[in-house]
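Visitor: Listed here are the chains, written in short residue letters.
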Amino acid sequence: MAKYVIKRLLLLIPILLGVSAIIFVLKTLTPGDPARQILGNDATEEQISAKREELGLNDPVIVQYVRYVGNIVTRGDFGTSYRTNEPVLSEIIPRLWTSAKITLGAVAIGAILGILLGILSALRKYTWVDSLVLVISMFFQSVPEFVVGLVLITVFAVKLHILPAAGIDTPLGYIMPMLCIGLSSVASYTRITRSSMLEVLSEDYIRTARAKGQTEKNITYHHALRNAMIPVAQSIGTSLGNSIGGGMVLETVFSVPGVGKYIVDSINQRNYPSVLGGALVIAIVLTVINLLVDLSFILIDPRLKSTIISGGASKPKKAKVAEA
Amino acid sequence: MSETKESILKIKNLVIHYETDEEVVEAVNNISLDIGKGEVLGLVGETGAGKTTTALGIMGLLPDKVGHVVQGNIFLEGEDLLRKSNREMQKIRGKKISMIFQDPMTALNPVKTVGDQIAEVVLLHNHCSKAEALTRAQEMLAMVGIVPERYRDYPHQFSGGMKQRIVIAIALACEPDLLIADEPTTALDVTIQAQILDMMRKLQREHGTSMILITHDLGVVAEICDHCAVMYAGEIVEYGTLEQVFDRPKHPYTRALYQSIPSLDKDVERLHVIPGLVPDPSNLPPYCSFCERCGEKKGVCSKYDTSIVEVEPGHLAKCLMYSPSWKEAE
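In order, the protein sequence lines correspond to chains D and H. If you read the first sequence in numbering that gives the first Met the number 0, its first letter stands for residue 0, the second for the next number, and so on. If you read the second sequence in numbering that gives the first Met the number 0, its first letter stands for residue 0, the second for the next number, and so on.
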């Protein structure tokens, strides 16, 4: 197990090197001079070239890159924001926390609603209940998140004055962004749960349970649900990672100071250390979340335990790894 | 059928159809069976003959919405199972009638320990604590030849033969009166097959359990059954004691089956095959369903159907050659 965790964490090294290298290349290809951006249009040529020297922008890209990676490895220094002169990491951490809270809430809303609706439509397959659930969940999936966001703001903030329109000054501010992201993901959880439940309910071991004289209720919740949750858990893991870093649009709509908005703002300001730092932190978080999700599968599916403890030759993707 | 024996299960004129929008599959056509207490009945037939459907019909586990019992009765110790509510059937399943399914690889829940899966059936039908049920589970494991300490293990940690032993342990945990074993050894390799059959026979004798053994392997029937029923296209075409059916087969299909068994001492180029295919159960002929493939047929065979008749005491066959019209044709 420990071996597996270490192996997975070591994978972070090539991932982070790749991410940072891509952003470094992009940075050199993008027009515009960060030194001029910092000093403004009134600065003289001497001031700008002095600033470029200070920032190390005159060195070859490869030297800049090695220096950057070296600073992270030796001092945990992700660079200094051009705009605020604050260390990038100390700017990102609180924003990451904000994004994480919204994401956790959103995934919880989406997953709980989705799983419940999915079970309901699986148990009532091909009836009007099933169709109704499909229509509702497809509706929320097909309407873009920001449209749902704007509708929510119009209704709850502008008309009803129940919730704040923007910002997270009060805990109430979290509700709308969470709802917005959560509702848009209900459809996918519903469909995964439904198809997975239907598949599991047709398995032989469900027939065995019936042959034991087990009640339908216990068959659904004790025998089928846990098996059916394996693909759902996988999907939860993926969307946890995606929405922490990918909440740019909604964080802008709701003026939430999250990590997504931070990166977008930094790109506009050519604040490269912040962009790089943000991207790397997100990559680390994503990898760690994926690892935690994979480890959590052991709790659901005992077959994976032997695969993982024995060194985990490959990342277990499907539940039926051990059962050939 | 002799009237003296005390019967545990009596099936009367059972008809089961699978109905979909496109077609009606006549899976079981008017079969009657009588299984005595402590008796082992072999139900033999090709794939699609209706053996498993009959078993699922007895258990009340026909596929939802598609499978229907069209007519007939299934009496378990005099009570008609077809008149029972689902709740009443839940009390019977696992307690009075147990079933062992064909494929042990998929019959166990992969995320539950085998101990829990055996204890589950004990808890359902007995008033006892979880701890007592687990103790019973360990006893059952020992009975089927598995180290009781392994009750904490999951199904994937066992081999195929051991999984089938666990399935048998589940089926026998509440000491059922009737055990239906649906091809219990088909998915296992030959050496394991013999072990499992020996064990089932031993447990059956020790507990006096009645048993229906569904198989397409005549060797298995010869080994452990007292009676034998041969099914073809949803009908029972021959029924009798092991001796009657094996030594004096009366139906042309049964005879053809014996000819198809490879012999160890005779050197033959090709094995005997029964020509043709089983008729499509969604489109059965109005005459004898074996007629097209029969080596002993006559003109009347493609005109009429017949019902099963007693050809010697306790030995039944469903063939026109035992009806008056056969003699007229001669």
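Treat the hints as calculated values from the structure; they're not laboratory data. This structure is a prediction, so every number in the text was calculated from the model and none was measured. It is possible that part of the hints are untrue.
Dumping the calculated DSSO-like pairs for lysine-lysine here, alpha-carbon to alpha-carbon at most 27 angstroms [as the list claims (entries may be wrong)]: (1) Lys216(D) <-> Lys94(H); (2) Lys129(H) <-> Lys304(D); (3) Lys302(H) <-> Lys216(D); (4) Lys216(D) <-> Lys90(H); (5) Lys216(D) <-> Lys64(H); (6) Lys216(D) <-> Lys296(H); (7) Lys124(D) <-> Lys83(H); (8) Lys124(D) <-> Lys64(H); (9) Lys83(H) <-> Lys216(D); (10) Lys111(H) <-> Lys304(D).
One side of the interface only, derived from the structure: several residues of chain D facing chain H at Cβ under 10 angstroms [said to hold, decoys possible]: (11) Lys100; (12) Lys158; (13) Asp168; (14) His221; (15) Ile299; (16) Ser305.
We treat Cβ as the ideally placed atom computed from N, Cα and C, and that holds for glycine.
Visitor: Hint by hint, say whether it matches the structure.
Guide: Hint by hint, here is what the structure shows:
The suggested pairing of Lys216(D) with Lys94(H) holds, with an alpha-carbon distance near 19 angstroms, which does not exceed 27 angstroms. Distance restraint check for Lys129(H) and Lys304(D): the Cα-Cα separation of roughly 26 angstroms lies within the 27 angstroms cut-off, and the hinted pair is therefore satisfied. Of the supplied pair hints, the one linking Lys302(H) and Lys216(D) is violated, its CA atoms being roughly 51 angstroms apart against a limit of 27 angstroms. For the given pair, Lys216(D) sits about 15 angstroms from Lys90(H) by alpha-carbon distance, which is consistent with the 27 angstroms threshold.
A C-alpha spacing of about 18 angstroms is found between Lys216(D) and Lys64(H), which places the hinted pair at or below 27 angstroms, so the restraint holds. The suggested pairing of Lys216(D) with Lys296(H) is violated, with an alpha-carbon distance near 53 angstroms, which exceeds 27 angstroms. Restraint check for Lys124(D) and Lys83(H): the C-alpha separation of about 26 angstroms stays at or below 27 angstroms, so the hint holds. A distance of roughly 12 angstroms separates the Cα atoms of Lys124(D) and Lys64(H); the hinted pair therefore holds under the 27 angstroms criterion.
Straight-line distance between C-alpha atoms of Lys83(H) and Lys216(D) comes to about 19 angstroms, which keeps the hinted pair within the 27 angstroms bound. With a C-alpha separation of about 13 angstroms, the suggested pairing of Lys111(H) with Lys304(D) holds against the 27 angstroms cut-off. About 32 angstroms separates the beta-carbon of Lys100(D) from the nearest beta-carbon of chain H, more than 10 angstroms, and the hint is not met. The beta carbon of Lys158(D) is not positioned within 10 angstroms of any beta carbon in chain H (closest approach about 47 angstroms), and the interface hint is therefore violated.
This hint is violated: Asp168(D) has a C-beta 45 angstroms from the nearest C-beta of chain H, more than the 10 angstroms allowed. Because the beta carbon of His221(D) sits about 8 angstroms from the nearest beta carbon in chain H, less than 10 angstroms, this interface hint is met. With a least beta-carbon distance of about 7 angstroms to chain H, the hint placing Ile299(D) at the interface is held under the 10 angstroms criterion. Look at Ser305(D): its Cβ gets to within about 8 angstroms of chain H, closer than 10 angstroms, so that hint holds up.
Checked against the numbered hints given earlier, the structure breaks hints 3, 6, 11, 12 and 13 and satisfies all the rest.
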